[in-house]
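If you want the building blocks of each chain, they are given just below.
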Amino acid sequence: MNADVADSKKQKMIASLVVLVLVTIMVLGIKAFTPKSPQANGAATIAPSAASTTATSNQAYKDGTYQAVGSYVSPAGSESLQVSVTLKNNVVAATTATSEANGPTAQEFQDEFIQGYQIFVVGKNVNDIRLSHVSGSSLTSQGFNDALTQIKDQAKTS
Amino acid sequence: MPSPKSKTRPRPPRRPRKPRATFRFEAIGTAWSIDIYEPIVDTDAAALLTAVTDRIEAFDKHYSRFRPDSLISEMAQRPGTYKLPADAKPLLDLYAHMYGLTDGAMTPLIGQLLTDAGYDAFYSLEPGPLRPVPAWDDVLEYKFPNLTLKKPALLDVGAAGKGYLVDIIAELIAGRGIKSFCIDAGGDIVQRDAGSRPLRVGLEHPGVTGHVIGVATITNQSLCGSAGNRRAWGAFNHIMDPHSRTSPKHIKALWVIADTALLADALATCLFFVSPAKLARYTFEYAIVYQDYSLGRSPGFPATFFTETRRS
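Going down the list, the sequences are from chains S and R.
In my numbering, each residue carries its 1-based index in the first sequence increased by 17.
In my numbering, each residue carries its 1-based index in the second sequence increased by 131.
It should be emphasised that the hints constitute simulated quantities derived from the structure, not laboratory data.
Glycine included, each C-beta is placed from N, C-alpha and C at the ideal position.
Some hints could be false.
Stated by the list, open to error - Each pair of labels, with its calculated beta carbon distance range:
no. : chain 1 : residue 1 : chain 2 : residue 2 : range
1   : S       : P121      : R       : R198      : 38 to 46 Å
2   : S       : G120      : R       : P433      : 20 to 28 Å
3   : S       : G120      : R       : D268      : 29 to 37 Å
4   : S       : N119      : R       : T181      : 52 to 60 Å
5   : R       : P216      : S       : V139      : 40 to 48 Å
6   : R       : T184      : S       : N142      : 29 to 37 Å
Unchecked claim - Per the computed footprint, the stretches of chain R lying under chain S, defined by three or more beta-carbons under 8 Å from a beta-carbon of chain S, are:
no. : stretch
7   : 193–206
8   : 325–336
9   : 407–421
10  : 430–441
Claimed, not checked - Distance condition first, Cα-Cα at most 25 Å in a straight line; then the derived DMTMM-like pairs of lysine to aspartate or glutamate:
no. : chain 1 : residue 1 : chain 2 : residue 2
11  : R       : K274      : R       : D218
12  : R       : K149      : R       : D175
13  : R       : K149      : S       : D128
14  : S       : K79       : R       : E439
15  : R       : K409      : S       : D128
16  : R       : K380      : S       : D128
17  : S       : K141      : R       : E439
Only chain S is shown next, with the shape it has when bound in the complex (with noise of 0.2 Å):
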């Protein structure tokens, strides 16, 4: 009973810091503002540093990376999260999340929502990069070097 409770709990805060983030987004996209602003407070009591100006349909941004700071308050107090948006050609090109949290918990949920949020791993080919030894799962660096010669073998022969 208790895990659902901290499972909705957590699902309540990780929510909550999407929506943060998406607003903090959407801030970055109608403030004309430059390039690495310093200070842009989060959710509701957004506050750029820029001059205010209104969004209009065919505003054009520049490209580049835009940074701010979102906050918001924990039931352990205030916490932040740093929050990078990449403009190119008027589209979110990409976006990171910096956690700066805190407390623990604070920092568990934002590193959760910050894995879970942008960065993939994606493989390359061993033979790339030279080394002595491989872990993964309970696969020898033997057997895995063994396999792939077994590849290269078949690939040559094919």
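Position chain R relative to chain S; hints supplied.
Same frame as chain S, now just chain R:
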């Protein structure tokens, strides 16, 4: 903040160091390689290899649930109070602590469930009825050097035992005055180097054979990995949740770096069940590849990862 592109830029391949002596052998169901990075005469190397394999055999004789003549098999047949071997203390102490921290998920009482699911001495891999995993206090009373089994129970220390054995072998080698070596037991790695030279270890892609998702660099540390893509059969793999009696699917692979392989190996299992924050009392670094290949890592995990950034 570094741009994502800098993380994926290819690095020029570097040639690994050549060891002065290498032992390769199979033991406890995995392949071992031990590299010695300093001069060693042949007779010493031969004597060392014998000592190493003897020590592994002694460990296996106590802790393997696969051999009928092991201490663990005896416990499964005959309840009672057993005086544990001297080397059991770090292992059982850690299990006892982690059992509490993981709400019973990390438990030596997982042995019967693994067997029920088909992960038995013969690798039959044919799941039968899955019996519930008993609670620690219902079955075990542990006060080193004694372990009392109140009823028969098949123990399994596989979640930390291999890492611990690698530590033990590292001690054995260091005890012979050898300061620079590397032990790799199926991807559980201990490296020692007198000159603090780092060791580069590829992190195997959990979905694509022949690919790695990053390169970790360890220096006088231990690295253990765990993944569900091998030693997997049907709906199961070698990691099982004692409460749900299923194998976790939310994580594809993970790695832990710690000062000892015992700790790294044990934490690698715990992280399938609890968040890193719950294990904060231990000193370690981790990297987790989730089901959707998103990456979670501690800031200090010493690795270059091959990543791409996209909206999830």
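Tested hints:
A beta carbon spacing of about 43 Å between S:P121 and R:R198 agrees with the range 38 to 46 Å that was offered as a hint. S:G120 and R:P433 have their C-beta atoms about 26 Å apart, which keeps the hinted 20 to 28 Å range intact. For S:G120 and R:D268, the Cβ-Cβ distance of about 33 Å falls inside the hinted range of 29 to 37 Å, so the restraint holds. In this structure the hint that S:N119 and R:T181 lie 52 to 60 Å apart at CB holds, the actual value being about 55 Å.
Here the CB-CB span from R:P216 to S:V139 is close to 45 Å, well matched to the stated 40 to 48 Å. A hinted range of 29 to 37 Å holds for the C-beta pair R:T184 and S:N142, which are about 35 Å apart. A stretch counts as covered by a chain when three or more of its residues have a beta carbon under 8 Å from one of that chain; for the stretch 193–206 of chain R and chain S the count is 0, and the coverage is violated. Residues of the stretch 325–336 of chain R lying with their CB closer than 8 Å to a CB of chain S number 7, which satisfies the three-residue condition for coverage.
Here's how the stretch 407–421 of chain R fares: 6 of its residues keep a CB closer than 8 Å to some CB of chain S, so the rule of at least three is met and the hint holds. Counting residues of the stretch 430–441 of chain R whose CB lies closer than 8 Å to any CB of chain S gives 6, so the stated coverage by that chain holds, three being the minimum. For the given pair, R:K274 sits about 14 Å from R:D218 by alpha-carbon distance, which is consistent with the 25 Å threshold. For the proposed pair R:K149 and R:D175, the alpha carbon gap of about 19 Å is at most 25 Å, so the pair holds.
With a C-alpha separation of about 39 Å, the suggested pairing of R:K149 with S:D128 is violated against the 25 Å cut-off. Proximity of S:K79 to R:E439 is assessed by CA-CA distance (about 24 Å); at most 25 Å being required, the pair is judged to hold. Distance restraint check for R:K409 and S:D128: the Cα-Cα separation of roughly 14 Å lies within the 25 Å cut-off, and the hinted pair is therefore satisfied. Taking the CA atoms of R:K380 and S:D128, the gap is about 20 Å. The hint holds against a cut of 25 Å.
At roughly 12 Å between alpha-carbon atoms, S:K141 and R:E439 fall within 25 Å of each other, so this suggested pair holds.
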